[in-house]
Every structure is written in C-alpha cells, then in structure tokens.
Amino acid sequence: MSGQLHRPLLLVGVVLSLAAAPVAAGGWFRSNADAEALAPIEAAARSAHSWVLHVDQSPHETVRLLYHNGALVSEQRLDPDGALIERYEYRYRDGRRIEARAFRADAPGGDAGQPVYSDSYSYSSDGMLRELRRRYVDNSERSSRYVFVRGRLLEEQHRSGEMLQRLRYDSLERVQQLQQLRDDELVSSTRYYYRGDSARLEQTVEEQHDRDGVSVTSEYFDAEQRSIRSVVSRDERTVSVSERSHGPHGLIREVVTEPGRRRVSSFEYDQDGRLTQQEERVNERLQSRIIYPEQGRRIEERFHNGQLIVRLHFRNDEQTAREIIRDGEVIRSR
Numbered sequence: 639m640s641g642q643l644h645r646p647l648l649l650v651g652v653v654l655s656l657a658a659a660p661v662a663a664g665g666w667f668r669s670n671a672d673a674e675a676l677a678p679i680e681a682a683a684r685s686a687h688s689w690v691l692h693v694d695q696s697p698h699e700t701v702r703l704l705y706h707n708g709a710l711v712s713e714q715r716l717d718p719d720g721a722l723i724e725r726y727e728y729r730y731r732d733g734r735r736i737e738a739r740a741f742r743a744d745a746p747g748g749d750a751g752q753p754v755y756s757d758s759y760s761y762s763s764d765g766m767l768r769e770l771r772r773r774y775v776d777n778s779e780r781s782s783r784y785v786f787v788r789g790r791l792l793e794e795q796h797r798s799g800e801m802l803q804r805l806r807y808d809s810l811e812r813v814q815q816l817q818q819l820r821d822d823e824l825v826s827s828t829r830y831y832y833r834g835d836s837a838r839l840e841q842t843v844e845e846q847h848d849r850d851g852v853s854v855t856s857e858y859f860d861a862e863q864r865s866i867r868s869v870v871s872r873d874e875r876t877v878s879v880s881e882r883s884h885g886p887h888g889l890i891r892e893v894v895t896e897p898g899r900r901r902v903s904s905f906e907y908d909q910d911g912r913l914t915q916q917e918e919r920v921n922e923r924l925q926s927r928i929i930y931p932e933q934g935r936r937i938e939e940r941f942h943n944g945q946l947i948v949r950l951h952f953r954n955d956e957q958t959a960r961e962i963i964r965d966g967e968v969i970r971s972r
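972 is the number that our numbering gives the last residue of the sequence shown; the numbers go up by one with no jumps.
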C-alpha cells in the first residue's frame with residue numbers, strides 16, 4: 639500500500655497547462671485548419687509554422703493533436719481502423735482557454751451531434767484560473783473553483799450534484815486537508831502530515847461522519863511510503879489496530895488486532911518476487927492457506943479448528959477440482 643498522494647482531478651481530461659505540447663513519441667507535421675498532415679517537420683521547427691499537427695500512433699489507437707500558434711485547438715482519438723472514437727475542440731481568448739467541447743462517435747448524433755459535455759473557464763484579474771464549469775448534454779453540471787494567493791494555490795472546490803469536495807494546501811502546495819460534504823454536511827475529512835519539507839507522507843488522519851457518530855482512521859507510513867500501521871477508533875474508542883511488515887518484494891506480514899480477535903496474514907515470495915503462498919491465522923489457529931505453484935494456478939486450503947477440511951484447485955481463476963478432507967485423507971473429490 640503506497641502513501642504517495644496525488645492531487646485529485648475530478649474533471650478528467652482537462653488540460654490546465656494550455657501551451658504545453660505532448661512529449662510522447664510520434665510525428666510532427668506542418669498542417670492547416672483541417673488538421674491535414676501536409677509535410678513532416680522536426681519538433682524544434684514547430685514555432686515556425688502557425689498550424690502544427692502531432693500524430694501519436696500505438697497498436698490500440700491514434701491520437702492527433704492540432705496546434706495553432708502554439709495552442710492546442712483540437713484533439714482526435716481514432717481506433718486502429720482509423721474510425722473516430724472521440725474528439726475535443728478548444729477556444730481561447732487573450733492566450734487563455736475559455737471553452738472546451740467533447741464529442742463522441744457513439745453519442746446520439748455521433749460526432750456531428752451535440753457535445754457530450756462543454757467546459758467553460760473563468761479567470762481572476764491576475765490571470766489565475768478561478769472556475770471551471772462542465773455542463774453535460776442532459777444539462778447536469780460539475781464545477782471546480784480555485785483560490786490562489788499571490789500565485790500560490792490555496793484551495794480547490796469540486797462540486798457535482800449534492801457532493802462537494804474541498805482541498806486545502808499548505809505553503810508548499812501539498813494537500814493539507816481533504817473534505818467531502820453532502821448537502822453541505824460533512825461526510826469525511828482527511829488531514830495529511832509530511833516528512834519535513836518533502837512530499838513524502840508520514841501520517842494521515844481520516845474522519846468519517848455518519849448518523850451514529852465519528853470513526854477515525856490514523857495511518858502511518860515508512861520512508862518508502864508503505865503503510866506500516868493503522869489505528870481505527872469509533873467515538874474515541876479503539877476498534878482495531880493493524881501493523882504491517884514489508885520485504886523487498888512486498889507485504890510479508892499483517893497483524894490486525896480487534897477486541898477478542900487477532901488475525902495474522904503472512905506472505906511468501908520466490909527470488910523473482912512472485913507470490914508463492916499466503917496464510918491467515920485467527921487467534922493462533924490456521925484458517926486458510928493459498929499456494930501459487932505456478933503462474934495461472936492456485937490451491938486454496940481451508941481449515942476448521944486448525945484441521946484441513948477442503949482443498950480447491952484453480953487454473954486461470956476457474957475451479958478445476960474440489961477435495962473434502964478428513965484426518966488428512968481425501969474422502970471425496972470432484
């Protein structure tokens with residue numbers, strides 16, 4: 639489990655760096671307003687042409703990006719046969735993006751129909767993005783608001799229907815707090831604590847609010863951003879404590895302690911890092927064992943009072959055999 643925190647972007651596909659060009663491998667072409675690939679050019683020569691097309695081909699799709707005077711004005715995604723999957727159009731004013739529209743070939747009316755959604759952008763007097771509003775074809779909306787102080791991002795708010803997500807940042811623009819609200823009532827709140835001035839997490843504290851009270855989960859991370867300890871409490875009473883040990887290939891042991899119950903999960907790997915076996919014990923009694931003899935195969939063993947009673951064989955997630963066992967002997971199989 640990694641503790642690396644990535645800033646959430648609710649409005650997927652929105653490019654906020656307006657003049658940035660893609661760096662993926664592909665070809666650059668002199669072009670025109672119809673996005674035709676007129677002649678190949680070197681990437682360094684892009685600024686010499688008002689219309690430039692970048693084509694990035696893979697076995698799964700082709701992406702065509704059209705730029706006009708350095709600004710991305712349209713984007714197309716095509717399937718391997720060259721049929722359009724979706725396209726985007728972008729408009730600018732004074733060097734800033736003010737509108738984006740998305741079309742899909744499988745939407746009503748196809749590529750020539752109404753956009754599946756439209757984005758509008760507004761900015762503060764100092765040129766910082768203030769709001770991004772997305773309207774869908776059914777007239778529903780999602781919006782994002784941004785608060786900057788002297789060029790530094792201080793807060794984001796993302797609203798969709800009754801849900802509001804609010805993020806606050808510290809002086810280093812690291813997420814300091816994430817809140818989820820429904821109809822303006824707090825649902826959850828998470829605080830993030832870091833190691834010094836780095837972006838590496840040391841601890842997170844998440845509060846979940848419901849009609850019955852508040853539950854709090856405190857999670858701790860090691861220097862490699864792996865979760866090593868979790869403490870869950872309910873109304874200030876500890877409900878469970880989880881402790882984890884990691885090896886070079888992954889998690890090797892997890893101990894979960896709850897009132898009257900202690901569960902221990904252990905994991906083994908081969909020298910190549912492939913998981914070969916995992917076991918689970920509850921209150922010192924073996925409950926289950928899973929063996930991975932080779933890629934695509936697994937054997938699940940289930941125990942009762944420490945005694946093996948069932949063995950299941952799988953290949954590629956399909957059960958191939960079932961064995962009923964008593965006193966170490968197979969008494970029935972199918």
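For the record, the hints were derived by calculation from the structure and aren't laboratory data.
Treat the hints loosely; a few may be bogus.
[Claimed, not checked] Label-pair distances were calculated between CB atoms; the ranges are:
{"id": "1", "residue 1": "Met766", "residue 2": "Ala675", "range": "31 to 39 Å"}
{"id": "2", "residue 1": "Gly934", "residue 2": "Asp776", "range": "37 to 45 Å"}
{"id": "3", "residue 1": "Val879", "residue 2": "Arg970", "range": "34 to 42 Å"}
{"id": "4", "residue 1": "Val825", "residue 2": "Glu932", "range": "43 to 51 Å"}
{"id": "5", "residue 1": "Ile937", "residue 2": "Glu699", "range": "51 to 59 Å"}
{"id": "6", "residue 1": "Asp835", "residue 2": "Arg731", "range": "47 to 55 Å"}
{"id": "7", "residue 1": "Arg891", "residue 2": "Gly708", "range": "21 to 29 Å"}
{"id": "8", "residue 1": "Asp822", "residue 2": "Ala682", "range": "49 to 57 Å"}
{"id": "9", "residue 1": "Ser762", "residue 2": "Ile890", "range": "45 to 53 Å"}
{"id": "10", "residue 1": "Asp822", "residue 2": "Val893", "range": "25 to 33 Å"}
{"id": "11", "residue 1": "Glu699", "residue 2": "Asp776", "range": "24 to 32 Å"}
Just so you know, even glycine gets a beta-carbon here, dropped at the ideal spot from N, CA and C.
Hint check results:
1. Met766 x Ala675: 31 to 39 Å: 36 Å, holds
2. Gly934 x Asp776: 37 to 45 Å: 44 Å, holds
3. Val879 x Arg970: 34 to 42 Å: 41 Å, holds
4. Val825 x Glu932: 43 to 51 Å: For Glu932 against Val825, whose Cβ atoms are near 45 Å apart, the range 43 to 51 Å holds.
5. Ile937 x Glu699: 51 to 59 Å: 39 Å, violated
6. Asp835 x Arg731: 47 to 55 Å: 38 Å, violated
7. Arg891 x Gly708: 21 to 29 Å: This hint is violated: roughly 54 Å between Cβ atoms.
8. Asp822 x Ala682: 49 to 57 Å: Once the Cβ atoms are compared, 52 Å apart, the range 49 to 57 Å for Ala682 and Asp822 holds.
9. Ser762 x Ile890: 45 to 53 Å: Cβ of Ser762 to Cβ of Ile890: about 51 Å, so the range 45 to 53 Å holds.
10. Asp822 x Val893: 25 to 33 Å: Check failed, 40 Å falls outside 25 to 33 Å.
11. Glu699 x Asp776: 24 to 32 Å: 27 Å, holds
This entry does not satisfy hints 5, 6, 7 and 10, going by the numbered hints stated previously.
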